[in-house]
Amino acid sequence: MPTSPRPPSSARPAEKALAWAFLLPSVAVFALFLGYPLYRTCYLSTHANDLFGAPTRYVGLQHYADLLGSAEFARTLATTGLFVLLTVVPGVLGALLLVLLLEGRIRGVRLLRSAFALPFAFSVAGASVVFGVFYNPATGVINGLLSHVGAGPVNWLTDSGVALVSVSLVTIWLNLGYNVLVLSAGIGSIPPEISEAARLDGAGGWRLARSITVPLLGPHLFFLVVVSTINALQTLGQINILTKGGPDHSTTTLNYSIYQKAFAFGSSDFGTASAQAVVLLLVVLACTAVQFGVIERKVHYA
Amino acid sequence: MTRAPLTRVLGRAAAHLLLASAALAVCFPVYYVLVGSFMTNADLAVYPPALVPHHLTLGNFAGAARSVPLARQYLNSALVAGVITTAQLLTSILAAYALVFLPLRFRGAVFGVFLATLMVPGEAVIIPNYLTLSGWGLADSYPALVLPFLASAFGTFMLRQAFRQFPQELRDAARLDGAGHWRFLWRILVPLNKPTLAAVAVYVFLSAWNQYFWPLIITRSAQMQTLQIGLAGLHDADVADPGLILAGVLLSVLPTLLLVVFGQRFIVRGLTAGAVR
Chain D
1 MPTSPRPPSS
11 ARPAEKALAW
21 AFLLPSVAVF
31 ALFLGYPLYR
41 TCYLSTHAND
51 LFGAPTRYVG
61 LQHYADLLGS
71 AEFARTLATT
81 GLFVLLTVVP
91 GVLGALLLVL
101 LLEGRIRGVR
111 LLRSAFALPF
121 AFSVAGASVV
131 FGVFYNPATG
141 VINGLLSHVG
151 AGPVNWLTDS
161 GVALVSVSLV
171 TIWLNLGYNV
181 LVLSAGIGSI
191 PPEISEAARL
201 DGAGGWRLAR
211 SITVPLLGPH
221 LFFLVVVSTI
231 NALQTLGQIN
241 ILTKGGPDHS
251 TTTLNYSIYQ
261 KAFAFGSSDF
271 GTASAQAVVL
281 LLVVLACTAV
291 QFGVIERKVH
301 YA
Chain C
303 MTRAPLTRVL
313 GRAAAHLLLA
323 SAALAVCFPV
333 YYVLVGSFMT
343 NADLAVYPPA
353 LVPHHLTLGN
363 FAGAARSVPL
373 ARQYLNSALV
383 AGVITTAQLL
393 TSILAAYALV
403 FLPLRFRGAV
413 FGVFLATLMV
423 PGEAVIIPNY
433 LTLSGWGLAD
443 SYPALVLPFL
453 ASAFGTFMLR
463 QAFRQFPQEL
473 RDAARLDGAG
483 HWRFLWRILV
493 PLNKPTLAAV
503 AVYVFLSAWN
513 QYFWPLIITR
523 SAQMQTLQIG
533 LAGLHDADVA
543 DPGLILAGVL
553 LSVLPTLLLV
563 VFGQRFIVRG
573 LTAGAVR
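Protein chains in written order, with the working numbering: chain D, 1 to 302; chain C, 303 to 579.
Residues from chain C shown here face chain D by an in silico Cβ test under 10 Å; the list is partial:
| hint | residue |
| --- | --- |
| 1 | Val328 |
| 2 | Tyr334 |
| 3 | Gly338 |
| 4 | Asn343 |
| 5 | Leu401 |
| 6 | Ile428 |
| 7 | Ile429 |
| 8 | Ala542 |
Don't read these hints as lab results, they were simulated from the structure.
Where a beta carbon is used, it is the ideal one built from N, C-alpha and C, also for glycine.
I would like the entire structure built from these sequences, with the hints used as guidance.
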């Protein structure tokens, strides 16, 4: 990394003041809405609260101990892990397959790439309500198609064995545009000489992809896995709109549980919700740490 | 070279077929929104789905326009996303300028703090922020919808990268011409970094327009809710009205769809900066 242009050491005091004045708006927003609340979340997580959420007394790590011993929380974590698997693996592998196919010197590549990027424009709420229309057991297109091939109607959102898959499908679709854009940019940054040399050596199609493109895409794939994992951990809209965590808690992930404890159905259990928020924070920080650790060691990032 | 041309041809055919079906699957929801919002609910429920509608209607849009909150919510979203985008551009430009062009003790530490803010998921601070803004009496108001998002490390980070690549000669020339920091920043630096600013603006606008969790909890009245919360409400309605839902989605996605289609080169610029959205 090049060092930034250093101003002369005899900097005027006015310039120093200007620097802090320029930083002040950002720093003020971060302090008020990020730093202080981060402290406050930890504070709330160690306090009991009344029915309206106001902290009443210090209880130490009691909320965390309760979470550890709670079967409900164990199930929430398991659901969260399953949701991460169900969205990240197909989402990244699907995008990889698409960009590899796009590499095969096919006509209309630009048009196709733009088509695959379209979901990126959709909001969580927009995508969720559209898929809600698709999932309608009586009038939705998915059951309509199924009935054509003779398969019985599926209760996409009300069957506890299927609901998490349905929510995952929306999520995969929603993230596909971003994933395709990232991997396309990654392929674009591979020097063409490398693929040309491999082609001259007789490598084509599948072999080129396996031994040249995919390994060189490694850092981008890794980046996508981490970002998709963090996104999956932060998922809320799809679940709140389509299933509200149900049926039978089958779609209650960690983040949704925080929302439910703190805000849903008039609940204001800020203590328990904050303890869960700290758990979520630690998991996200761990993902980020892994990302930085690996990237620092292995790759140069633009 | 004789590398089994038949397998080659078959392979390419398979690749085309796979790509075409994938494109159909990915684009189907977009197409469905586009076409379905002009169809009656009766036509929407027909099997197999009428892929080329024979009878188009504007009824769904009339319905969306009649449902008053949706129009108001559209304005809310535009206002909120507009203010957040403008504010983040301003605060990020200033912060990035300080980090690159001004004398600053603890420069590394300050930049570290900015980077650290990118790693904190919003969910970890959302309860206290809700309490803070409610405590200020701002729940269910425009200020509450925008205040926590007036600055971002993402924008600062991208602009810092761009500013650092600004040619030293141009800067020296500006200084020789007597341009102070303020004039250099707004007359020279900002106009010459428009593509990066556009990339930041596109990202900030997309995420502000599409926000869900924060507006969900900080607004109560239909009059203050944003479009996204209104859309979700259409799904919860007692009598499902798919035509109205699709029309609402089409209206809500139009600005961002245009951004993604026509602003793609700006989007690609910012792809891997700022992992946590």
